[in-house]
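J.: Here's the letter readout for the chains.
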Amino acid sequence: MSIGLDEVLHVAKLAELAVNENEILRLVDQMNRIVNYVAKLDEVPGDRTAEPFLAGPKAVMLREDVEVTVPLARPPSAIAPEFLEGFFLVPRHGAMEDQ
Amino acid sequence: MTAGTAQKRGSGAATARETGARLTEAAPLNAVLHWSQDLLDAEASRVDAMPTPGALAAMPVALKDNIVTVEQPTTCASRVLEGYLSPYNATAVDRLRAAGAMIAAKTNLDEFAMGSSTEHSAFGRVKHPLDPTRVPGGSSGGSAALVAAGVVPAALGSETGGSVRQPASFCGVVGVKPTYGRVSRYGLVAFGSSLDCISVFGRTVDDAARVLSAISGPDPLDATTIDRPPMQVPKALPDLRGLTVGLPQEYFPADLDGGVATALRRTTEQIQALGGDARLVSLPNSAYAVPTYYIIAPAEAAANLARYDGVRYGKRRVGPDGDIRALYRTTRGEGFGEEVRRRILVGTYVLSAGYYDAYYKKAQQVRALIAEDFQRVFASGIDLLLTPTTPTPAFKAGEKTEDPVAMYLADIFVCSMSLAGLPAMSLPVGRSEGLPIGAQLVAPHFGEERMLAVAQVLERTLDPLAEVR
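Residue numbers (the working numbering), protein chains in the order written: chain Y, 5 to 103; chain X, 1108 to 1576.
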């Protein structure tokens, strides 16, 4: 299977990643090398199966559904560029400029 | 500095001064991203004021810069996180400090831990301490180089697919990856969440074991930690009688580097001379470990790194006319380096509609087969596996940067254990043309203590500086 330029651009859009025009052909070539390499898994027959692998404990402990103190060393006001009356201040969205 | 004698190192203040001098001397390695004498001195005052010295008594420990700390920035060697200060410490950091260790420095890495050579750092490559034209391995190359250069006796790195064992082998130090879930991931910047493990470098097995013991154990802040008590520092074994070691034939290919093959043969003979038994075994699905890893890890990375969008973290590159999508894309396109962008694209591709079954689902099927191979071998009476850690000693800088697949194959002997969540370690067992060679020991889940005890016996009886060719 090979990946073309349009497909790489489509995937970049899905990944919210700007791709520089100067690097795009190199990227297409490298993605093709990677995808062709991982296609080696096609050698493994689909009917060869094992119990699904689960990283970590078989049963994940659930935390109590109660409000707890967040273990921050600094309060949000100390790490936010702008913080006012308990709220983070963020840049105005471009689409709201007229409002 | 004498390795393995942390409890006799004297006051924190003196150690902090000595460590600062060594960090200054080691600057040409480019192994460190953040350190200051003031912070080291503050750490010394803190440990000197502790009522009891703790298990790590004033041991200076370096941290890979993808483990968050309140007092120093955490960048993951990425422009996207430049200047980021965490509002909390990783659990492993809090545990190190509670055990009396001093946080000495934050170390350089492949950006977001993606790489095998520490050449993919936004802040320049790390040099191998024995030969600056070579790489120290990766992605935890800064931590490995600092320990190998004798700057600190121990350091934390992180493993997703061998990123501590491989650089430990290249640099001639001990590198230990615990069982997945044995050490809390709280505060480790996420890359591949089903694979990530905070792991340890040490100048000696004892230093690495004591650090691993201090940071292991369940953590209510990480639901994937295992509900088991912390690992104990192993008791010294007189010999290896009663031990059965498996040699998986797939890890000893005919084209294995001559020096590596000789060093492993010498290690096997030493195990037998000490009363252990060595048997050939087979792990047939390990042949698929690298392609499996390079589907699962990028897929998880693509999801984990979606949070770096220029709004929540780091620097923001504003696009034209306040377009929010342009802001995301420009920030990510300019903020991430080449290897990270490539992996995000591969991960997005294998998860996209039409390809999910062919790649991601298939990789999960093969991951289960790889894990099952290990279970079968350990159930057959094998206590530990012995393999080379890497197919060659440290390679030259720039040798593999143009070919991502060639770079990925540097992890061929280490990523299967990560896929199976197993504990494994690299131990220096000789040198080939002056370059260190590592032997890898692999244990069943929660078999760290026995693995480290066996490694201590080998460390005591094998000269890691011996030329093996």
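Heads up, some of the hints might be wrong.
[Unchecked claim] Below, computed lysine-lysine pairings styled on BS3-like, alpha-carbon distance capped at 30 Å:
hint, chain 1, residue 1, chain 2, residue 2
1, X, LYS1468, Y, LYS17
2, Y, LYS44, X, LYS1503
3, X, LYS1468, Y, LYS44
4, X, LYS1507, Y, LYS44
[Said to hold, decoys possible] From chain X, some residues computed to sit far from chain Y (all C-beta separations above 10 Å):
hint, residue
5, GLU1125
6, ASN1196
7, ASP1238
8, SER1389
9, GLY1454
10, LYS1469
11, GLU1479
12, ALA1486
13, GLY1541
14, LEU1542
15, ASP1570
Hints were generated in silico from the structure; no laboratory data involved. In this text, a Cβ means the ideal position worked out from N, Cα and C, and glycines have one as well.
J.: All hints, please: hold or fail.
T.: Taking the hints in turn, this is what the structure says about them:
Note on LYS1468/X and LYS17/Y: the hinted pairing holds, with a Cα-Cα distance of about 23 Å set against a maximum of 30 Å. Proximity of LYS44/Y to LYS1503/X is assessed by CA-CA distance (about 28 Å); at most 30 Å being required, the pair is judged to hold. Annotation: proposed proximity of LYS1468/X to LYS44/Y holds, straight-line Cα distance about 14 Å (limit 30 Å). About 21 Å separates the Cα atoms of LYS1507/X and LYS44/Y, which keeps this hinted pair within 30 Å; it holds.
The beta carbon of GLU1125/X sits about 28 Å from the closest Cβ of chain Y, which is more than 10 Å, so the claim that it is off the interface holds. Listed as a non-interface residue, ASN1196/X fails to keep its Cβ farther than 10 Å from every Cβ of chain Y; the least gap is roughly 7 Å. Residue placement check: ASP1238/X keeps its beta carbon more than 10 Å from all beta carbons of chain Y (closest about 28 Å). For SER1389/X, the condition that its CB be more than 10 Å from all CB atoms of chain Y holds, with the nearest at approximately 15 Å.
With a closest Cβ-Cβ approach of about 8 Å to chain Y, GLY1454/X is found to fall inside the 10 Å limit, against its non-interface label. The beta carbon of LYS1469/X is not kept farther than 10 Å from every beta carbon of chain Y, the shortest such distance being approximately 5 Å. Not every C-beta of chain Y lies more than 10 Å from that of GLU1479/X, the closest at about 4 Å, which undercuts listing it as non-interface. Every CB of chain Y lies more than 10 Å from the CB of ALA1486/X, the least distance being 13 Å, so the non-interface label holds.
Even its closest Cβ contact with chain Y, about 32 Å, leaves GLY1541/X beyond 10 Å, as expected for a residue assigned away from the interface. The claim that LEU1542/X is not at the interface with chain Y holds, since no C-beta of that chain comes within 10 Å of its own (minimum 27 Å). The Cβ of ASP1570/X sits about 37 Å from the closest Cβ of chain Y, beyond the 10 Å cut-off, so the non-interface label holds.
In this structure, the earlier hints numbered 6, 9, 10, 11 are contradicted, and the remaining ones agree with it.
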